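Input sequences plus hints: build the corresponding full structure.
Per the UniProt record's numbering, residue 1 is the first one in the sequence shown, and the count goes up by one each step.
No lab work stands behind these hints, which were simulated from the structure alone.
Pairs of lysine to any residue residues, derived as SDA-like cross-links and limited to a Cα-Cα distance of at most 20 angstroms, are as follows: (1) Lys637 / Ala599; (2) Lys781 / Asn533; (3) Lys153 / Val131.
Note that this is a predicted model, so its numbers are computed, not measured.
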Amino acid sequence: MPADQKAALEKLSDQPLDQEQEGIVNNSDEWVDFGGIVDGSEEISVSHAGGEFQELARQFYEDLRKSVSDRAGKRVDYRTRRDRGLRRDQTFLRQLPAMVDAYLEWSYRRDRSGRGSDTPVGEKAEESVGVQMRVIDVFDARTIFVTEAPTDKNILATLVRHGLVPCSPCSPNVSITIDALELLRISRVRCPHYSIQAFTKTLCDLHGVAYQRYLTRQVTIAFDVYQQVLHEVRQRVNRVLERDKPDWRLKHVCPACTYNLQDEKKLRFDILYTMDGNDSLKRIYRRSSGEDNGADADICPSAANDLPTAFQLHDDRYIPREIVDKWAVRNGRDLVTDESAEVDENNPCASRWKNMKDDKTKRMWGIFDETGLFGSVCRHGFSLVIADMVRSGELAKYPLAVVEKMLHVYKCHHGCGYDIGCRFKTILAKSGLGKIAKELNHTCLVGAFHGHAHRRLCQVIHLATYVKGLGIEDLEGCERLWSKLNALAASVRYASPFHRQQAIVAFLAHHDTYEMYANLTLFLLNNYKQALNTIKTSRATVTNLMSDLNVTDTAEFERWLEDEKVYLEALQQEPVEESLRMEYWQRAVNLKAYEQELAATRDTWHTHTPQMAPGTNNDTSKALKTAHRHALQKYEKERELVHDLEKRLGISETWTPDSPEWQETGRLVGRRKYQRALDTLEGLIVARVFELGKMNRSQTGYALRQHIGKALKVRSAAIRTALDRFNAAARALGQPTVKWEDVTQYRFLADIDLLRRGRQDVSKRAWSTPAARYLMDESFKILRAEEEIDRLNVEVRRVATYLRDEMEYLHGCEERARPTHPFLAHQIALLRGERDRFTQQHADRLHQIANLEGFTGTIEPGTSVHRELGESAGPIPYLTGFGQFGTAKEAIPPEDISEGVPNAAAEDDDVDVDDDGEDEQEREDTVLTAVMSILGVSDDADEI
1 MPADQKAALE
11 KLSDQPLDQE
21 QEGIVNNSDE
31 WVDFGGIVDG
41 SEEISVSHAG
51 GEFQELARQF
61 YEDLRKSVSD
71 RAGKRVDYRT
81 RRDRGLRRDQ
91 TFLRQLPAMV
101 DAYLEWSYRR
111 DRSGRGSDTP
121 VGEKAEESVG
131 VQMRVIDVFD
141 ARTIFVTEAP
151 TDKNILATLV
161 RHGLVPCSPC
171 SPNVSITIDA
181 LELLRISRVR
191 CPHYSIQAFT
201 KTLCDLHGVA
211 YQRYLTRQVT
221 IAFDVYQQVL
231 HEVRQRVNRV
241 LERDKPDWRL
251 KHVCPACTYN
261 LQDEKKLRFD
271 ILYTMDGNDS
281 LKRIYRRSSG
291 EDNGADADIC
301 PSAANDLPTA
311 FQLHDDRYIP
321 REIVDKWAVR
331 NGRDLVTDES
341 AEVDENNPCA
351 SRWKNMKDDK
361 TKRMWGIFDE
371 TGLFGSVCRH
381 GFSLVIADMV
391 RSGELAKYPL
401 AVVEKMLHVY
411 KCHHGCGYDI
421 GCRFKTILAK
431 SGLGKIAKEL
441 NHTCLVGAFH
451 GHAHRRLCQV
461 IHLATYVKGL
471 GIEDLEGCER
481 LWSKLNALAA
491 SVRYASPFHR
501 QQAIVAFLAH
511 HDTYEMYANL
521 TLFLLNNYKQ
531 ALNTIKTSRA
541 TVTNLMSDLN
551 VTDTAEFERW
561 LEDEKVYLEA
571 LQQEPVEESL
581 RMEYWQRAVN
591 LKAYEQELAA
601 TRDTWHTHTP
611 QMAPGTNNDT
621 SKALKTAHRH
631 ALQKYEKERE
641 LVHDLEKRLG
651 ISETWTPDSP
661 EWQETGRLVG
671 RRKYQRALDT
681 LEGLIVARVF
691 ELGKMNRSQT
701 GYALRQHIGK
711 ALKVRSAAIR
721 TALDRFNAAA
731 RALGQPTVKW
741 EDVTQYRFLA
751 DIDLLRRGRQ
761 DVSKRAWSTP
771 AARYLMDESF
781 KILRAEEEID
791 RLNVEVRRVA
801 TYLRDEMEYL
811 HGCEERARPT
821 HPFLAHQIAL
831 LRGERDRFTQ
841 QHADRLHQIA
851 NLEGFTGTIE
861 PGTSVHRELG
871 ESAGPIPYLT
881 GFGQFGTAKE
891 AIPPEDISEG
901 VPNAAAEDDD
911 VDVDDDGEDE
921 QEREDTVLTA
931 VMSILGVSDD
941 ADEI
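Here you go:
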């Protein structure tokens with residue numbers, strides 16, 4: 001190296017780093033040492049308003065970013081849409097706690113001041129710190145300057161504190177007002193058809209702009225973030241109220257079912273609920289682009305290609321797939337296909353209800369990932385638990401998972417309604433839940449609507465009308481819920497798994513709070529009226545019919561029902577000897593026919609001509625010999641079978657058509673044909689009823705209705721053919737025939753088993769006549785109505801007690817939180833308002849129940865048996881262990897609360913706050929509040 005270059009390098013190494021590396025930025029024509037300001041070696045003039053340092057830091061960041069951008073050029077983004085979406089959600093979640101804190105402050109200030117935001121509209125003010133933001137509201141869109149407060153942790157918190165939700169977690173420039181997002185949330189739960197895209201297009205129409213697809217994406221992002229914020233707010237409130245324990249919601253979901261009182265009447269069923277599957281809420285299975293797994297792609301699909309998300313759905317309604325799948329296999333066999341589960345002598349319908357498992361059905365499931373929803377509701381309509389049906393029909397694992405959850409949470413006597421409850425009873429008894437279900441007296445029942453498609457023997461055992469302690473409950477609550485939830489099907493068909501579950505949970509939560517809870521006392525009032533009316537109208541009918549039929553005691557109807565059950569059980573299986581006799585009769589008939597066929601081949605007169613000589617093309621001797629040999633073989637084979645049956649039956653002489661045994665057994669065979677013709681007719685009628693039900697189902701499209709209509713025409717023709725065959729068999733036995741008009745009546749299914757003529761003449765039974773059966777049903781309706789009144793008397797008092805205790809508890813928590821936790825106290829007040837808005841309606845309906853003629857209960861509140869912390873009748877919890885915003889439990893003294901947090905006491909009229917002796921004063925207030933709570937004394941200072 002030359003000497004001059006070496007000297008230049010040594011001189012350069014002695015110089016300090018360049019100005020940019022030293023942290024010196026050029027602001028206009030003045031050099032500012034930012035590093036010196038940070039370490040305190042350089043001074044900076046700060047005004048009384050403040051904000052100079054924040055502005056300096058922002059300028060430094062912008063200059064540095066510009067310098068790096070100019071040096072590096074345009075950055076190439078190698079991320080995919082999946083990466084961007086996942087990282088965006090993760091960034092939102094990292095800033096979610098600050099956003100929740102800001103939301104609590106915004107909600108508190110907004111409701112106290114009556115203003116939606118403190119955001120100044122217009123140009124940036126002098127020395128103010130903030131960002132320019134495009135704000136989307138319901139009726140307008142505007143660009144405003146959002147002022148940043150010193151206490152804001154990040155830009156997202158700043159926006160939320162002004163009532164805005166950003167569409168991006170980093171450097172957002174578009175935000176949507178919380179009011180607009182709340183309007184979208186309420187609109188969607190009230191009208192599930194209303195999609196986010198429709199809402200976005202509505203805003204475009206109101207703003208007078210053209211719709212663009214990216215606008216829907218922006219609204220979706222903001223809406224997801226907003227719902228995460230609302231969920232976290234509710235979680236914090238639940239922690240403060242001591243209601244964040246596992247399964248707390250499920251244990252307190254329905255006041256009429258779960259709010260037990262002291263000294264109340266014991267009911268046979270502590271909890272009545274129903275469960276069923278819904279196949280409308282399907283979701284399309286998304287595969288990777290260009291993927292092809294061959295012919296088995298639908299049956300054995302690869303991983304889904306749904307966009308990932310970091311957001312999680314925290315709701316105890318949903319049973320995880322892992323919990324459901326553990327019931328799918330038992331000892332390596334599917335519970336549904338396990339033939340051993342179908343054998344039960346006490347279950348006449350055990351083998352009748354099966355899911356379709358053919359190849360076409362399996363390939364149809366390949367189109368969808370979630371193929372429906374399986375859920376349960378209490379008798380008052382509150383949703384209990386739900387589970388996704390994944391790539392399958394209504395398998396046994398879904399009701400088993402639901403029952404497991406119910407048995408774990410409610411350790412009491414359950415009554416469970418299920419449309420195939422008869423078969424599920426057998427599966428449940430053979431599963432791992434069989435022992436605990438038996439210990440807790442879990443009873444599987446069949447709903448009133450679906451029960452009419454079951455066999456009569458199954459109805460006698462499981463139908464709601466004949467079950468003691470059930471009241472007038474029809475156990476069809478799921479059908480009513482599905483009729484509302486089906487409206488959500490169109491908007492979730494192509495949604496992601498997260499958004500589908502989010503929409504379902506949001507709908508159910510709103511439905512429970514604003515529909516079921518609001519109409520709870522209306523349900524009690526209507527049921528009380530119905531029970532009293534049934535007793536009044538049916539009692540007169542029963543009295544007159546009992547006189548006409550010479551029945552003196554209503555206990556006779558129980559004996560009639562038991563006698564009918566014994567009779568129908570006798571029809572389930574033929575005696576072994578009788579089956580052998582009928583088989584022998586049929587073999588004897590076949591032997592006689594084969595004997596005649598053999599004789600015909602022997603005695604056939606053959607005419608021979610020269611053209612039929614052996615060896616010519618017209619030679620028929622070989623065909624005749626073959627026919628003779630075949631007839632001989634069939635005859636000898638059938639004769640061996642006849643001889644074997646004669647040995648087993650001890651028959652010494654072969655029967656002939658003239659023998660009495662032949663004629664008697666022939667009548668038995670005719671009766672068997674009669675029964676099988678009746679089975680065919682019944683199956684066609686059941687299928688017709690189900691198709692009619694689906695044809696009238698909500699959301700059934702025109703094409704499907706036309707398809708079902710054509711199928712019904714074919715089904716009707718098949719029913720007519722089956723009816724003709726049945727009537728032919730009935731006339732052969734001298735039995736009454738059935739008219740087409742009788743078959744079209746829905747009640748025909750309930751009485752069809754009476755046509756199964758057994759070995760005894762059913763016409764001689766007292767309960768077999770139409771008048772006697774009507775009398776028996778009316779009598780059982782009276783019994784169920786009386787049981788319903790007993791249950792309603794218990795539930796009415798439970799609800800009245802809950803209304804008092806819940807309002808007192810929430811009010812007490814709100815008052816205790818207001819001095820030190822005003823933001824949380826405000827959220828508790830909003831929660832109390834959700835319930836309190838219906839209190840007057842409940843009170844009016846309870847008084848209507850009390851004024852009913854025949855009311856035998858009381859609406860006076862009782863005493864709850866649940867007195868633990870967090871219960872409506874429990875003690876008011878202390879909030880000293882919570883932070884100002886209800887975050888993690890941490891001992892934060894009141895004097896350490898930030899200056900930016902308002903003090904509710906200071907904002908009241910003419911209340912002085914003395915900082916001196918604050919600790920001692922708070923301790924005195926705490927002790928005084930505790931003593932007042934124990935003694936039940938009011939906390940009004942004037943009264944004290």
